[in-house]
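Can you make the complete structure from the sequences, with help from the hints?
Those sequence lines, one after another, are chains X and W.
Take 256 as the starting number for the first sequence in our numbering and just add one per residue.
Take 2 as the starting number for the second sequence in our numbering and just add one per residue.
Note that these hints are calculated values from the structure, not bench results.
Some hints could be false.
Mimicking SDA-like on lysine to any residue, the simulated pairs with C-alpha atoms at most 20 Å apart in a straight line are [as the list claims (entries may be wrong)]:
hint : chain 1 : residue 1 : chain 2 : residue 2
1    : X       : 310       : W       : 276
2    : X       : 534       : W       : 207
3    : X       : 399       : X       : 446
4    : X       : 542       : W       : 207
5    : W       : 210       : X       : 540
6    : X       : 534       : W       : 192
7    : W       : 141       : W       : 100
8    : X       : 534       : W       : 254
9    : X       : 542       : X       : 446
10   : X       : 542       : W       : 223
11   : W       : 35        : X       : 430
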Amino acid sequence: MSRRKRGAAPGTDRFADTPLDGSLLEVDEVKTQFKTPRGLVHAVDGVSFNLERGKTIGIVGESGCGKSVLSRSIMGLLPRNAVRQGSVTFEGREIGKATGNAMRRYWGTQMAMVFQDPMTSLNPVMRVGNQIMESLRFHFDVTKDYAEETALALLTSVGIPEAERRLREYPHQLSGGMRQRVMIAIALACGPKLLFADEPTTALDVTVQAQILDLLQQQQRERFMAMVLVTHDLGVVAGRTDDIAVMYAGRVVERAPTRSLFENTRHPYTEALLKSIPKLGQPSHSKLDAIAGRPPDLVSPPPGCKFAARCPYAQAKCITDEPKLVDAEIPGHAFRCFFPVGSQAGVEALARNLAAGETATGLPVRMEGEAVLTGITV
Amino acid sequence: MAGTGTAHLRAPGDVLLRVEDLVVEFPAGRSGLKVHAVSNISLDVKEGETLGLVGESGCGKSTTGKAIMQLPPPKSGQVLFEGRDMAKLSGEEQRRTRTAMKMIFQDPISSLNPRRKVEDIIAEGLRIWKVGSAPEQQTKIDDMMLAVGLDPVLQRGRRPHQFSGGQCQRISIARAVITEPKLIICDEPVSALDVSVQAQILNLLEEMKTRYGLTLIFIAHDLAVVKNVSDRVVVMYLGKICEVGSPDVIYQQPAHPYTRVLLDAIPVPDPSVRPEARAKVIGEIPSPVAPPSGCRFRTRCPKAQARCADEEPKIQEIQPGQFVACHFPLAAGETLPTRNGSSPLA
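Set out below in structure tokens:
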């Protein structure tokens, strides 16, 4: 089989020409739409962020907020019915318009992805070892023996016991946690500079989740990789990211350094997401602050703030005008809200709504103890 | 963990459901080997109480829930519901008892028949048992839909695919509650849902429990969720019970090393908590085909000693209301050694 080999073997000095700091990935006003029989779905609607080498950004939001589509848009892994706009710059080169063929040079060696469900993303009829070696042999001019040695070293480094035996096994012979370790080994095989982890632990148990997240973090540090960690759980990203972008209805509604996001939460949606997590410190049977309703239909998103219909702070202005992403006092912290949490305007807006018993969008709100409850609770 | 014993059971007269020495085994293919899914589990639930069953995948928590319903009947052990042994009931008696015991499943979408209308799904129990006349049934269905937060006028004619996961779980709850059961077994009812929707469903379950005087068995792998809804928590590992107690006590003073590990594995939405500094277990749950001797948790337990391999710990009361099956229970405030960051298999 004569396949054109690209580049030197891993381990040689591929990084000699690249600087160790500065921006690795720049995403500017990326928009992704899907053509469907119901109309155009605005899945990602103008998202921008920068990611430096070796840093981690968390992308957080509910199902259907566009977080997975965003990472696939950056990698160029979209189906045919998708329309992508905006610019994606990787190491100073524009890849926003690149076709699948051109992107093959990037997949695996420059950027790689770990998917949510390790069972359906591994090939069930191919041995684990061959799946790890596949990209090595495709991208680099290496012998089979060399690729096998590398695969063995990779499996060992992702914490799989008896790696030599596991190389010859099929995915169904492994547990869910092991499969996800194999997925990570495949993604790391060609030494990518950027790793996307798309809900890497959602399908796993809590104990295994902690192990996998630790593994990702350790590999990222050792390899000086940048990472995009996509999740719906703010708990997962809290101790493990440098920055977090919270997405809602295809937009970034708040973006901040991790500590600042938790300590100076400005957007009501971020606040609501944080409050809805059951906390161990709360006494049993305490009422949870659920977010009423569901995200808007992305075929015809409402004018104004997309979160207004579910927001306890909503005022008349929120229904008609859409807030812009504005900077907070803390550098790097930006949010998209007229009545931000903790500000004078926000406190007054909430007080007005509580006094009226409902928000400008007609959402019932009331106080119960310390908690602000929204929606009709039965 | 991995202990047996009945020290934690309460007087038979006080409880709605009492399960004693429940054993469930499945054949492992044609190998002749057996999967020891549940091994000598005992538990009980008082009327109006919520019992939380928590543990990793493969610990037998769902199997326990299903064995209580006799789906399939356990290999041995007793299930006493209102003092009557479920296994000794005739088929027809068992069928009648099931109106008082209901189940809610994990995947809300696949547990509803996609070809039926929502009102028919909810009404099925009423129609089978011919409860009331047709108009009475309709009123009841509409009331139930309102109670779970659905709009009967707009939504009664729709089919499951027209609803979100959270709404489908509301339909499942309505279907379970409509025959006015005494006990509902909720098998991971919120694991497939987003955090925001999870909170809605947990609140709804609490409200339904108060409103209809329900007793719940709540099965989940997330201790934070279980703690929020339960009056009593049973921590399971590989078909055995580790620890039983009130959720607040278990949270503040876990006595079993496995409980500590489960607590520490919960991701905390606080950036000042460094996840790598928390207690971790090595590897994954062993195969239930050949469970470890003695204490089944010993292969992953940081405190394991030679005794743990030889002798199975019995459940014992270490303080009023807290029971643990461990030879070396954690003292108050004792922490487990952490493995520094990195590889969990180091």
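Hint by hint, here is what the structure shows:
1. 310/X / 276/W: 17 Å, holds
2. 534/X / 207/W: OK: residue 534/X and residue 207/W at ~16 Å, within 20 Å.
3. 399/X / 446/X: Given pair residue 399/X, residue 446/X holds - Cα atoms ~18 Å apart, limit 20 Å.
4. 542/X / 207/W: Cα-Cα ~9 Å, so holds.
5. 210/W / 540/X: Judged against 20 Å, a Cα distance of about 11 Å means the pair holds.
6. 534/X / 192/W: This hinted pair holds, its Cα atoms lying about 16 Å apart.
7. 141/W / 100/W: 16 Å, holds
8. 534/X / 254/W: Satisfied, since the Cα-Cα distance of roughly 16 Å is no more than 20 Å.
9. 542/X / 446/X: 47 Å, violated
10. 542/X / 223/W: Satisfied, since the Cα-Cα distance of roughly 17 Å is no more than 20 Å.
11. 35/W / 430/X: Distance ~19 Å between residue 35/W and residue 430/X Cα, so the pair holds.
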